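Mapping of the sequence shown onto the numbering used here: position 133 corresponds to residue 133, and the numbering continues sequentially without gaps.
Keep in mind that the hints were calculated from the coordinates and are not lab data.
These figures come from a predicted structure and were not determined experimentally.
Yeah, the Cβ is synthetic: ideal placement off N, Cα and C, and Gly gets one too.
There could be a bad hint or two in this list.
Claimed, not checked - Cβ pair distances, simulated, as ranges: (1) Val185 to Gly130: 18 to 24 Å; (2) Phe201 to Gly59: 40 to 46 Å; (3) Gly59 to Glu30: 17 to 23 Å.
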Amino acid sequence: MTSLRTNLFVVALALAFLGNVMVYSATSAEGGAEYGAYSLATRFAHLGIGIIAFFVTRGIRYTAWRRIAAPLYAGVFLSLVLVLFVGREISGARRWIDVGPLQVQPAEFAKLAAVVLLASVVSRARPGSGLPWRAIGAVGVLFALVLVEPDFGTSVVISAGAAGVLWASESKTRDLLLAGSGALVLLVGAMLAAPYRRERFLTFLDPLSVCDGSGYQICQSMNAIREGSYLGAGPGAGGVPVPEMHTDMIFALVGEELGLLGMFAVIGAFGFFVVSAYLIALNAPTVLGRCLAAGLATMFAVQVVFNIGATMSVVPLAGMTLPFVSYGGSSVLVCFAAVGILYRISEDSEVARVARRAPSGERRGSAHPDRRRRDGGTRDPRAVRGG
Numbered sequence: 001m002t003s004l005r006t007n008l009f010v011v012a013l014a015l016a017f018l019g020n021v022m023v024y025s026a027t028s029a030e031g032g033a034e035y036g037a038y039s040l041a042t043r044f045a046h047l048g049i050g051i052i053a054f055f056v057t058r059g060i061r062y063t064a065w066r067r068i069a070a071p072l073y074a075g076v077f078l079s080l081v082l083v084l085f086v087g088r089e090i091s092g093a094r095r096w097i098d099v100g101p102l103q104v105q106p107a108e109f110a111k112l113a114a115v116v117l118l119a120s121v122v123s124r125a126r127p128g129s130g131l132p133w134r135a136i137g138a139v140g141v142l143f144a145l146v147l148v149e150p151d152f153g154t155s156v157v158i159s160a161g162a163a164g165v166l167w168a169s170e171s172k173t174r175d176l177l178l179a180g181s182g183a184l185v186l187l188v189g190a191m192l193a194a195p196y197r198r199e200r201f202l203t204f205l206d207p208l209s210v211c212d213g214s215g216y217q218i219c220q221s222m223n224a225i226r227e228g229s230y231l232g233a234g235p236g237a238g239g240v241p242v243p244e245m246h247t248d249m250i251f252a253l254v255g256e257e258l259g260l261l262g263m264f265a266v267i268g269a270f271g272f273f274v275v276s277a278y279l280i281a282l283n284a285p286t287v288l289g290r291c292l293a294a295g296l297a298t299m300f301a302v303q304v305v306f307n308i309g310a311t312m313s314v315v316p317l318a319g320m321t322l323p324f325v326s327y328g329g330s331s332v333l334v335c336f337a338a339v340g341i342l343y344r345i346s347e348d349s350e351v352a353r354v355a356r357r358a359p360s361g362e363r364r365g366s367a368h369p370d371r372r373r374r375d376g377g378t379r380d381p382r383a384v385r386g387g
């Protein structure tokens with residue numbers, strides 16, 4: 001498990017450095033070398049902030065997220081309301097708040113807040129109990145606020161994170177199936193309700209018939225991947241123009257410049273990352289740890305599948321970034337913060353397993369007994385207690 005969580009961070013870091021190369025290539029092609037250099041410098045700043053976020057969340061015992069859940073939710077809720085009124089509008093959407101020289105995207109933090117809040121609530125419930133409808137309603141408020149921006153892709157990721165938490169909880173299976181069916185109907189309804197999202201879905205059904213119109217982005221993405229062939233054109237040598245290349249469609253650039261082998265390597269890296277996150281969930285000693293890890297793992301899995309699938313027209317285009325790789329400071333920060341939480345869950349889980357396996361004499365013998373324990377033995381200061 002020590003190797004697993006270390007490799008989890010190493011893979012995340014490797015994907016982020018690959019993102020630096022891809023972002024520089026994409027922005028240089030769009031706006032010239034000067035714009036590319038500026039984007040690369042900004043991207044390195046984002047990565048530095050993300051690494052700091054990793055070490056901050058790694059230093060927090062995962063059981064402490066119960067106390068952090070309510071303030072985190074309140075802050076995200078207020079920022080999501082605020083962005084609707086004072087947020088910067090780009091391409092008809094208000095998703096960013098200017099904070100000095102920085103642009104903050106509250107919807108990215110809503111993904112983390114939803115998982116933390118819901119995991120904190122369901123971990124306190126008795127096995128076989130009903131669903132925590134108040135907490136689900138609170139997550140639904142975040143979903144609705146993000147959808148209003150509009151940002152359907154992030155709303156889907158919030159739903160996925162919540163679904164991962166509930167799947168790992170000890171709630172009734174019947175309730176989980178009913179809630180899942182209802183959520184699926186709600187997502188489909190939200191997708192078809194807005195004309196532009198409905199057009200995206202119809203484009204997905206036959207993108208080649210509308211390559212000059214709504215299917216232009218998908219067609220160009222598939223052209224870029226085809227041009228890359230097996231080995232790719234090489235970093236910086238891509239030439240197929242794809243809208244939103246440095247954000248939503250960056251995997252198309254991976255295909256063009258690194259080829260099929262590069263695509264397999266990136267998919268394999270994400271596969272390792274997601275499987276490792278689920279293994280951390282399975283090995284968690286408490287319901288809280290399991291729910292937190294499962295929610296974060298599902299959040300990453302859905303975002304990766306929809307982003308990569310959309311570039312190859314396997315799933316409808318939902319406007320999601322590729323974790324660690326796409327340009328975006330808020331996205332990188334939240335992704336590395338989530339890795340820090342997963343790392344700490346794995347670390348505390350290992351401490352708990354070692355404590356359980358230790359001989360009774362080692363657990364009891366001490367010069368400074370903890371009188372709060374019935375056996376009079378010391379308590380490992382990092383031991384995990386509570387669900």
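So, going through the hints one by one against the coordinates:
Restraint check, Val185 to Gly130: a C-beta distance of roughly 20 Å satisfies the suggested window 18 to 24 Å. Between Phe201 and Gly59 the beta carbon distance is about 43 Å. The supplied range of 40 to 46 Å therefore holds. As the Cβ distance of Gly59 to Glu30 is approximately 39 Å, the hint placing it in 17 to 23 Å is violated.
The structure does not agree with numbered hint 3 stated previously, though it agrees with all others.
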